[in-house]
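Q: What follows is the residue order along each chain.
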Amino acid sequence: MLDTASIRRQFPIFSRKIGGRPLIYLDSAATSQKPLAVLDRMRKFYEEDNANVHRGMHELAERSTAAYEGARTAVHEFLNTRYPEEIIFTGNCTEAVNLVARSWGRAHLREGDAVVLSALEHHSNVVPWLQLKEELGVEVKWIDCDDHGRLRIDMLDAFLREGNVKLVSVTAQSNVLGVRPPLGDIIATAHAHRALALVDAAQSVSHHPTDVQALDCDFLAFSGHKLYGPSGIGVLYGKREHLESMPPFLGGGMMIREVYRDRFTPADIPQKFEAGTPPIAEAAGLAAAIRWLGQFSWENVENYERALLRSAWEALSSVNGLTVLGPGSSSPRLCSGLSDGMDSDVSGCLSFVVTGVHPHDLTEILGCRGICLRAGHHCAQPLHRQLGVTASTRLSVGIYNTVEEIKLAGQAIADAAGALRP
Amino acid sequence: MNIYAENILDHYWHPRNKTHPLPAENIKDGGRVTHEEINESCGDSLAIRLTISAGRIASIQWDGSGCAISQAAISMLSEELAGKSIADAESIKKDDVYSLLGVPIGPRRVKCALLGLHALKNAIKKFKGEPPTGWNDTAGSSV
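First to last, the protein sequences are chains A and B. Each residue of the first sequence is one higher than the last, beginning at 1 in my numbering. Each residue of the second sequence is one higher than the last, beginning at 1 in my numbering.
Be aware that one or more of the hints could be misleading.
[Stated by the list, open to error] Partner residues aside, some chain A positions facing chain B, computed with beta carbon under 7 Å:
| # | residue |
| --- | --- |
| 1 | G376 |
| 2 | H377 |
| 3 | Q386 |
| 4 | T390 |
None of these hints come from the bench; they were simulated from the model. C-beta atoms are modelled at their ideal positions from N, C-alpha and C, and glycine is treated no differently.
Looking at chain B on its own, in the form it has when it is part of the complex (with noise of 0.2 Å):
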């Protein structure tokens, strides 16, 4: 199956919610969070920004450049959140995301698809003044 599928194509030429470029801070800032992945074996980088309201999300802005499997997936993912209660988006797991690619992922583009659920993880943990996680509980020890 290629996985260059028309919705890859269609989010990764046409990104939702991608916002260039995002507001420089980088710190909790009331009820809003911005955090920044990389996906160290090409040198992709991924910044998320959260606004939090009454424990959900209330909008999600992101910036970055990537393949088109690492755009189209945090594209689709940052649909998938509007609205979500902070508990409902930790608990989005890789599989959910290969999902909403709809492709079959595998292990050389890990990364590439897990880059943006990676960021939210760590969005909200900072939100949470928790300290961040590491890949292998985004993606499994397999990376």
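Chain A with its partners taken away, still in its complex shape (with noise of 0.2 Å):
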């Protein structure tokens, strides 16, 4: 069992009072908040072993160095990769998603190759591929979902069948719905095709355990920032053969190994995808944020986050006029999924809509009464075109969040959809 007070104690946005109300952030879909282990990490690191990486002989050279490529090992650790060189460190998950897009696309798509996406993706997972039907003629699939999120994994074979997809680029975890497609048989039925597969993990590396090796991804993009983590850095997962037979991303220092006035030949992985000074502070930030995540187990983890879901579901579904999109919106299979464990595909966040209730104003006056939820189309457009909705309230949850706070987050969307319908 997690013992939720100890953990809030150890983020001190928690103490943090909003309009003289508590905080009760319900928004970790879009980024967690950070507990103390990662701020002082990150303050230590600034205080004590701050200057640049790989370069100078000083201590503090080799400090800072030790943080980074230590945190390359964290990573590496953390995802069971077969080499800590296949971690690339990048800005964020969108950054790590264009890098393959830019590097890998333009050296292997030619016009007329495919790339599948599913109908779940998040834009940051859609529009790198749409820049490359623009620039080289590639094709864009997509695998469409029913009005649970499932994905129609028979529209993948067909475009397999087709013969041209060369990448099924899918996420781990919706950003609105929280499910989970089956990535295992996607990856495989993609590789039967002699398709790559890319795994958007942005969502899912919070909330469960990621193995890629037992994946058999061939690149895996999360970002820092959603896994308790800082901001400012991602992470791309390759497999060495790819990432070597990969063409440089940005060119600058550090990804050389020799520059002359007409020439420069790259340095190894994974320095070659690593131009400029990378976010050190940030690298070490999320080591530390891996090492606190890891004190408790996945289990424990998924089981407090499965109730909390399961309460939210119950707070909602009590809201006249509330419908939860996807898995949620037929409560028999919900009821049932979430009592004998809410399976395996939803995990992280509800997304609903309210009758003649406006995302935007819910979520202004939840707002006020220091409720955190987010509103809008969650960079997701495609879905929501396809659910029919503009718009939806996001609810999402991390290991931080008690039952308590969402039963008070129910009762206030049921108070404000009250005070916006006439």
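Need the complex rebuilt from these two chains, each delivered in its own frame; the hints are there to steer you.
A: Spelled out as structure tokens, the structure:
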């Protein structure tokens, strides 16, 4: 069992009041709050170790390099990659996906080749591929989902049989519906047709263990700030043979071996993809976040968050005129799903719409009561279009949330919805 | 102060000059012009249709879905516009819209409050055959 009271004490922000009320933060899918372990580590880095990495013979340079490369090792262990150099640090998850699109995509894709996405994708795993469509004439194909957010895997099979699919790029967990696609099947099917597989793990990494060797994905991307770590750092995992075959992404310092007036040769991986001064303190902070989260067993995290989502669904489903999107839209399935372990396939968040109440108005009123939820299209316009709604409100959880907070939020949502309807 | 004041909710629940659906055409048509703008942060869209006669706004219709603030703002603005000259309509500033609303508009609601004004400005631009203006012109560079 998780000791939530003790966990909450480790997050300074939870001692803050908003309008005289305690903060109720239900927006961790946008970014998580940060524990002291992370804040302290980054402060300590700047106070005691700060220097640039891989440059200079002095002690500080050695310490900062050790912090930075130590973070790479921490991520390598966290994801169970085969080699540490398969971990590339980027600015965020979006940049990691863009790195694959710009480097691997430009080198390996030609007009008429296809990239397959799912209807659940965040814009960060949509727009880089649409850019390649504009630039190279690459086809972008979409696996639809049903109203429950379940992917039409039969469509993936049909696309792959057409023979021109080079990459299947899917989310591990929808940032709107919380749905978790069957990654193992998708990746194996892609490989059977000689397509590569990229996993956008931004939403899943803080809620479930990630094992890239078990998944056998070719690339996987996530960002530090959704994992209780700092913003400003993202991670790209790539199988070594792919990374080695890819041209550099950005050019500059650190990513080169030799530079002449008319040519350059790139460094080996991972430096080949890390041009310029990297996010050093952020890497140290990310490693601290991974260590911090590692003190809890995944089983405890999963069980606790499942209970939070169950109480969220119960609180929301009692609000007049409220419809939970995706799996929650059919109460019997979610109920049974929840009671017997809410599947496997929903995690982290629930999104909903309230008849006659715009998400902006709802979250504005909640915000005045110190309750933070996200409103809008959550950077997933194609999914909202498919579900037939313009915008929704999202309730998302982290291990610091409590059932009491969710009940208070549910009551506040009911009150606000009542006030906004004639 | 509660931004969901009585007059805001009144316009939200009983929008003035809202016409659903607007006539389909979206091109300059004699003395009429229709123009749609989108608040890309939430996906809300708002279309405005002006009937212009002798340099004055003879009638204004609008349609769209959105939050209480955006709907109330365009509803109030539409009442304000009737009979105004094009030049007067062009001179309406964001602060005029905030005054109409009469509630404090924080940074996160700027685009909600000004979506209608932005649509109006670009409807007039379209009528005059000028290129559309960006959000920075309507709302300042803070959005």
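Q: State for each hint whether it applies.
A: Do the hints match the structure? See the list:
1. Hint status for G376/A relative to chain B: holds, with the closest Cβ pair at about 5 Å, below 7 Å.
2. Because the smallest distance between the Cβ of H377/A and any Cβ of chain B comes to about 5 Å, under 7 Å, the interface hint for this residue holds.
3. The closest approach between the C-beta of Q386/A and any C-beta of chain B is roughly 13 Å, which is over the 7 Å cut-off, so the hint fails.
4. Restraint check, T390/A versus chain B: the minimum CB separation of about 5 Å is within 7 Å; hint holds.
Checked against the numbered hints above, the structure violates only hint 3.
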